[in-house]
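**Student:** Sequence order for the protein chains is A and B.
FYI, in the numbering used here the residues of the first sequence are 1 to 826.
FYI, in the numbering used here the residues of the second sequence are 1001 to 1131.
The hints are simulated quantities; they were obtained by calculation from the structure and are not laboratory data.
One or more hints might be untrue.
The list that follows gives simulated cross-link-like pairs (lysine-lysine, PhoX-like), each with its CA atoms no further than 25 Å apart [to be verified]:
(1) A/Lys81 to A/Lys56
(2) A/Lys176 to A/Lys37
(3) A/Lys210 to B/Lys1065
(4) A/Lys237 to B/Lys1082
(5) B/Lys1032 to A/Lys217
(6) A/Lys765 to A/Lys411
(7) A/Lys796 to A/Lys785
(8) B/Lys1079 to A/Lys217
(9) B/Lys1079 to A/Lys210
(10) A/Lys403 to A/Lys371
(11) B/Lys1126 to A/Lys208
(12) B/Lys1082 to A/Lys217
(13) A/Lys9 to A/Lys24
(14) A/Lys240 to B/Lys1079
Since the structure is predicted, the reported quantities are computational estimates derived from the model, not experimental observations.
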Amino acid sequence: MVNLTIDGKQVTVSKAATIYEAAKEAGVHIPVLCYAKKLLPYGACRVCLVEVEQMKGRLIPSCTTPVSEGMVVITTSDEIKKVRKTVMEFLLVNHVLDCPVCDKGGECDLQDLTYELGATSNRFEGEKFDLPTDEVNPLIERNMNRCVLCGKCVRVCDEIVGYGSYSFINRGFETKIATAYDRGLDCEFCGQCLSMCPVGALLPRPFKFKARPWQLKEVDSVCGYCGNGCTVTLGVKDHKVETIRFNDKIGVNDGNLCVRGRFGYSYVNHEDRLTKPLVRKNGELVEADWDEALQAVADGLSKAQQGQGVGILSGARLTNEELYLLKQVAKVVGTENLDHSGGECYKGVTEGLKGALGVAASTATFPQIEKTNVILAIRSDFYETHPVVGMVVNQAIRRNGAKLAIVADKKGKLDKLPGAKTLLSKPGLELDVLNAMARLLLDEGLAQTEGIEGLEDLKTALADFEPSQVAERTGVDLETLQATARQLAGAENSAILMAYGLPYQGLNKELATAAANLALLVGIPGREGSGLYLCGEKSNSQGAIDLGILPQNAGKGAQQMLDAAAEGKLDGLYVVAEDPLSSYPDRDKVAKAFDKVPFLVVQDLFLSPTAEQADVVLPAASFAEKDGTFTNAERRIQRVRPGIPSPGEARTDGAIFSALANKLGSTVTFTGPAAIFAEIGKDTKAYAEFNFNEIGPQGVVWGGEVLQPVCKKVVAVSGGSSVKGDFQLVTGSALYHSGTVSTKAKGPMAVLSEPYLELSREDAKALSVVDGDLVKVAGNGTELKLKVKVGNRLPKGVVFAPYHFAEANVNRLYKGEPVIAVTVSK
Amino acid sequence: MFKEFAKGLSITFKHLLPGHSTTVQYPTVKLKPSDRFRGLHRLVPSQDREKCVACYLCPTVCPAKCITVESAENEKGEKYPKVYTIDMLRCIFCGYCVEACPVEAIEMTGAYELANYEREDFQFTKERLLK
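Based on the provided sequences and hints, a complete structural model is requested.
**Tutor:** Given below as structure tokens:
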């Protein structure tokens, strides 16, 4: 700690702090333009100049100067004011004064500073910039005439996102921010740059001319897409979410968002949203009132339960409170057939992790990743499914020199990070690589074996996983494999990351078990600063597991329910917040199940392909209309707050479940989410210690920052198997989408509007196809036509298709296996 | 005392004589208000559109909250008011909107005859204000 004096105030701060940070802590205001708390000090704007008594004779930029013992700082004097005003005059020489039409007006740092410093006239004259604006891309509007060259966009894109879209070009007065070759922006469109821009040079295009900042009501909620649980601050005007506001003050994401979080909000105001319940009469879905629809559901479900039973399939984007009510509905109906998210993808957590560690959740929190030394990511799609955690990984590498290794069948964004090593295996064989690492640790005596059960079994099971043989079999570079395993063992702190979700159904349990084995052997679980992270694809995947939206006792899981329905052995299905026809593997089976099942209820935002098959459709509410909690992939329970009313007669899922339970004869009612949350604590012990109304802006983490494992048991897993065929198809998530709901959002659709088949350059050349050509993909007894997208990510012989688009029918090919043999032809 | 009375009343009676009355025979005769009179608003046109750039300063400053603006982008990519309505029933003619306007797109005219029969007729839309 260092003591210094700022404007006569005694301050004690850490020695890593700068004068600006010390002043901020002491409550002394210093104006800044180019400073951002998450970026490294830069000192571009010179607005934050201060006087330091020990460095008399010149003014010192406070945002780049570290504090030292006994410093005496003066932040305002006549000279400082004069100099700051001059700096403003310089900045305003070329800056176009189009504040009336600039969407930044009202929250512009330059505007505020001009006002604060009273720069009403300018002693200097110069030409105003007249550069063309970049309106090519759909999401980020770049108007370089307004730029003040603070460099925040350049730095955030490099330091946080790790993409590096921008740089300064030219010299002197000609200097400007540009992309490579000064072409239009073509990037991830995460929009970090526009959240950082202090002026109106970078603005969100979907929000163009929509509202003034002071007209927006700000509602802090949690993003409804992936399991990272980023705080999104909804900017609401006239009951419409107009934009997502920048907010780095609360939440786990430090103001970072991905393209979905920042631009994918528009589905909540989509004109296709269901506004009235629909009931099938004479083969047609017709509008009905709530009472009639709920009565039909109650009657139908009761009748089905008396017959061959009812199954309930839920999505993982309901709040914890709603999931609890859903469980109550299942109880009242009397069914044990309850499941979520396709039933298979989360088994890595509920069976894999549970078997090895006795807990069904990630063992540490996301901020700890930044402090780790070695990170192992399983499947490169981790960045595609959880981009904001990917940004944390990037910071770990750049700020703390962490080493990153990726075990994957294709390359992705993570592989581009500095020093990242990819263990590129044949599809379906990632499991073998993990096993080989475990074997190497045991063979070389690097493993921490104290207190770990099941070692002997594991050793026997690993007989076939001699690293050199595995390397040969999987195509992974042996030296990288060995180096990674050794680094993991030698690291002070390490993290293992893996995402799960609907398109990753195959070998989930096995992969998670192998990851848990590896984590145990290097001592990750329970160690402060290290973690094994299994991250759900949906915003409340962890909550659904915590609350037990799983087959009860002898009940059927999702796939068994669909099997039973397809065989005519299930009389009712209640599908909530899911579109199995579009997103579940094996579309033909799902279609048959819905065809055969006598009574189908679908509760959703849109009339999805599944809803079109239903006997009753109930219009539900989006995350922006709900009050409750989500539990993110690091076990953090955060508040979701309603920003807008539901369209028409649509109701929140919670309200529907309550009304339905009452129709079915339940007498239990709750006064609101707080009361339900208190009830959850009775069933789910980990939630019992929290009070709904005391969940703060940072949320609360159940089980503590580091979750202690209940047991430490390595479990033997066999290897995966590759498939033989001309091409090997893997499905997964594309960066711009999440689930199927993002296909209703304008932002993600503007960037990626149609399904595609990604091919390597070599394969494209061999097939003589280019971007946009249609190709036939045949396998598993079906043939699809998809547009080609040629990329650098895939090794030869591997093709990739994202699963988000219902019309592509990718799930007719994909039946839940880790890899599919296909043929691709023109 | 009588003298003072006579003097005072003479002024009064003088005004009764023709040519000394201040009463105007409205509506046949109308007074011209002063240049600074704050009457009905007018949106100032430029060559091909209104001068207004929909910056939302007037609805923000308006103490009576009588101005409704909805901005949009025209085919040239410019910001313009798709909707600009003043509710004359609520307007208090304070003139803050004129003062706040950064592009001198709104001014107040001398028109003061604003009575009407229908409530809707008090909604002055962009088209009416541009006249």
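**Student:** Below or equal to 25 Å on CA atoms is what counts here, so check lysine 1032 of chain B against lysine 217 of chain A.
**Tutor:** The given pair, whose Cα atoms are some 45 Å apart, is violated under the 25 Å limit.
**Student:** Within 25 Å, alpha carbon to alpha carbon, are lysine 1079 of chain B and lysine 217 of chain A?
**Tutor:** holds (22 Å)
**Student:** If you draw a straight line from the CA of lysine 240 of chain A to the CA of lysine 1079 of chain B, is it 25 Å or shorter?
**Tutor:** Measuring from Cα to Cα gives roughly 20 Å; hence the hint holds.
**Student:** Decide if the proposed pair is consistent with the structure: lysine 9 of chain A and lysine 24 of chain A, CA atoms, cutoff 25 Å inclusive.
**Tutor:** holds (12 Å)
**Student:** Below or equal to 25 Å on CA atoms is what counts here, so check lysine 1079 of chain B against lysine 210 of chain A.
**Tutor:** holds (10 Å)
**Student:** Within 25 Å, alpha carbon to alpha carbon, are lysine 210 of chain A and lysine 1065 of chain B?
**Tutor:** holds (19 Å)
**Student:** CA of lysine 176 of chain A to CA of lysine 37 of chain A, is that 25 Å or under?
**Tutor:** holds (23 Å)
**Student:** Taken at face value, is the distance from the CA of lysine 411 of chain A to the CA of lysine 765 of chain A at most 25 Å?
**Tutor:** Cα-Cα ~19 Å, so holds.
**Student:** Just to be careful, I want the Cα atoms of lysine 1082 of chain B and lysine 217 of chain A compared with a cutoff of 25 Å; is the pair within it?
**Tutor:** holds (22 Å)
**Student:** Given the hinted pair lysine 81 of chain A and lysine 56 of chain A, is their alpha-carbon gap at most 25 Å?
**Tutor:** Holds - the C-alpha atoms of lysine 56 of chain A and lysine 81 of chain A are around 17 Å apart, at most 25 Å.
**Student:** Is the Cα-Cα distance between lysine 1126 of chain B and lysine 208 of chain A 25 Å or less?
**Tutor:** holds (21 Å)
**Student:** Straight-line Cα separation of lysine 237 of chain A and lysine 1082 of chain B no greater than 25 Å?
**Tutor:** holds (17 Å)
In terms of the numbered hints stated before, the structure departs from hint 5 and from no other.
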